[in-house]
Structure formats: C-alpha cells, structure tokens
Amino acid sequence: ETGVTQTPRHLVMGMTNKKSLKCEQHLGHNAMYWYKQSAKKPLELMFVYSLEERVENNSVPSRFSPECPNSSHLFLHLHTLQPEDSALYLCASSQGAGTGELFFGEGSRLTVL
Amino acid sequence: SQKIEQNSEALNIQEGKTATLTCNYTNYSPAYLQWYRQDPGRGPVFLLLIRENEKEKRKERLKVTFDTTLKQSLFHITASQPADSATYLCAPGYNQGGKLIFGQGTELSVKP
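Sequences listed follow chains R and F, in order. Take 1 as the starting number for the first sequence in my numbering and just add one per residue. Take 1001 as the starting number for the second sequence in my numbering and just add one per residue.
Take these hints with a grain of salt, some might be off.
[Said to hold, decoys possible] Residues from chain R that keep clear of chain F, each with C-beta distances beyond 12 Å, as calculated:
1. MET15
2. ASN58
3. ASN70
4. ASP85
5. ALA92
6. SER94
[Claimed, not checked] Just the calculated beta-carbon pair ranges, DEER-fashion:
7. R:GLU53 / F:PRO1112: 47 to 53 Å
8. F:THR1069 / R:GLY14: 26 to 32 Å
9. R:GLU53 / F:ASN1012: 30 to 36 Å
10. R:ASN17 / F:GLY1041: 21 to 27 Å
11. F:PRO1112 / R:THR7: 35 to 41 Å
12. R:ASN57 / F:GLN1081: 38 to 44 Å
These are computed hints drawn from the structure, not numbers from a lab. In this text, a Cβ means the ideal position worked out from N, Cα and C, and glycines have one as well.
Pulled out of the complex, with its shape left as it was, chain R reads as follows (with noise of 0.2 Å):
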C-alpha cells in the first residue's frame, strides 16, 4: 500500500481540454514531485516543490503548471497538449528535498489524441 495516491489513473484527454492529475501524499513529508516517464526513456523530472514553494523547474513547458496547495497535496494541470505529452507522470514525495529516497505513487497514464 502505497502512502502517495494520484488520481486519476488512466486519463485520455483531445488537444484541446484541460484536465488536472492530482496527488496526495499520507507520509507527512514537506517535499513533492512531478516526474514525466516516457516509454525507453528515463525519468524526466518536471517540477520540485519543498514546503509549498516551487525550488526547481527544469524547462517545462507552459501547457503544464503544477500547484501545490499545501505539503500533502500536489496538482499538475494540463492544457493544450500535444500527443507527444503521452506518458506516465509519476508523483513522489521525500522528507527533504534531495536528501533521501523518493516514495512514488503509481502513476497517471496520460494518453493525449
């Protein structure tokens, strides 16, 4: 039993919409993260957030924007996506940004036509 949940699992979206991934973490842990995972590809982190306040975006495009509410809540909303936006986005948390091993949720697979 995993102590990050995202919803929804599986998301098929048109270029056009605009939907929300959602992700709660159960572990008390003040940092959360995006991950994009692409198939034969490595993980590719998206966005770090510690205590609420973004600390790293590594050059992600502006049809992703990510919120963090609070330290259990993390959100990626997504607008005007391209097919190539297909993938497994991952949400983990960790006590500490970059100080200690990540606990992954189990991913939304996002499919975009």
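Assemble the complex: chain R is given as a structure, and chain F must be docked to it using the hints.
Coordinates of chain F only, in the frame set by chain R:
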C-alpha cells in the same frame, strides 16, 4: 552535461544465479546514489541508498557498491528468483536541491 548510463540491453539470467547491474555516470560528483525497482505500469520503489563515503551496502540478497573513482555503482542480487524480474533504476543525487536524476533502467528477467 550530466549523464547516467545503465545496461541498455535486458539482462536474462537463470534462477539462483547472481544478477549484476551497472550504473555509470559522467560529469557528476554525487553525494549518494539510490537504486529503485520498477514493475510494469507502476511507480518505482526505493531499494537502497549508498553514500559517497561508503564502498558497499547490503540488504538481504541485495548488495550495492559505489566507486567514486570509476564513477560507477554495481547492483547485485544474489540467489535470484523469478519475482526479482523488473526494471532497476539508478539515481545519483546531491544533498540539496531536490534534483534526483534517473538512469534509463535495466530490465532484469530471471528464468525458472
């Protein structure tokens, strides 16, 4: 630029043998290195962390080495079992900044 390389070819071994996976990094001086296991369609699961001042770390049937001179980590699974079949990811990291970068992973298949 920083680069992490893991065995790109899938590793196929017989049950009971020792699996050895390699992680090489360049343009990088990480303070520690982590190993994760990932099953298809699921998020990675943390296995082990080894720090730059540690040569070797063990956990049950797992052993990790860290050679900062060679810029390499080796991950061993002894007495391998079919249930060990998965993709294994290495991730060198720093103590601050939150920037944990992952290798592309090595797929391990253990045959009965």
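Going down the list of hints, with the structure as the test:
1. Consistency note on R:MET15: stated as away from chain F, and its beta-carbon is indeed over 12 Å from all of that chain's, at 24 Å minimum.
2. Against chain F, the non-interface label of R:ASN58 is violated: not every CB pair exceeds 12 Å, the least being about 8 Å.
3. Every C-beta of chain F lies more than 12 Å from that of R:ASN70, the closest at about 18 Å, which supports listing it as non-interface.
4. In this structure R:ASP85 is separated from chain F by more than 12 Å, as the shortest Cβ-Cβ distance comes to about 18 Å.
5. At the 12 Å boundary, the C-beta of R:ALA92 falls inside the reach of chain F, the nearest C-beta of that chain being 8 Å off.
6. The beta carbon of R:SER94 is not kept farther than 12 Å from every beta carbon of chain F, the shortest such distance being approximately 8 Å.
7. Evaluation of the 47 to 53 Å hint for R:GLU53 and F:PRO1112 yields a pass: the beta carbon distance comes to about 50 Å.
8. The supplied range of 26 to 32 Å is broken by F:THR1069 and R:GLY14, whose beta-carbon atoms lie about 52 Å from each other.
9. A hinted range of 30 to 36 Å for the beta carbons of R:GLU53 and F:ASN1012 is inconsistent with their spacing of about 45 Å.
10. Judged by the Cβ atoms, the range 21 to 27 Å given for R:ASN17 and F:GLY1041 holds: they are separated by roughly 23 Å.
11. Checking the proposed 35 to 41 Å range against F:PRO1112 and R:THR7 shows it holds: the Cβ atoms sit about 37 Å from each other.
12. Between R:ASN57 and F:GLN1081, the C-beta spacing of about 41 Å keeps the proposed range 38 to 44 Å intact.
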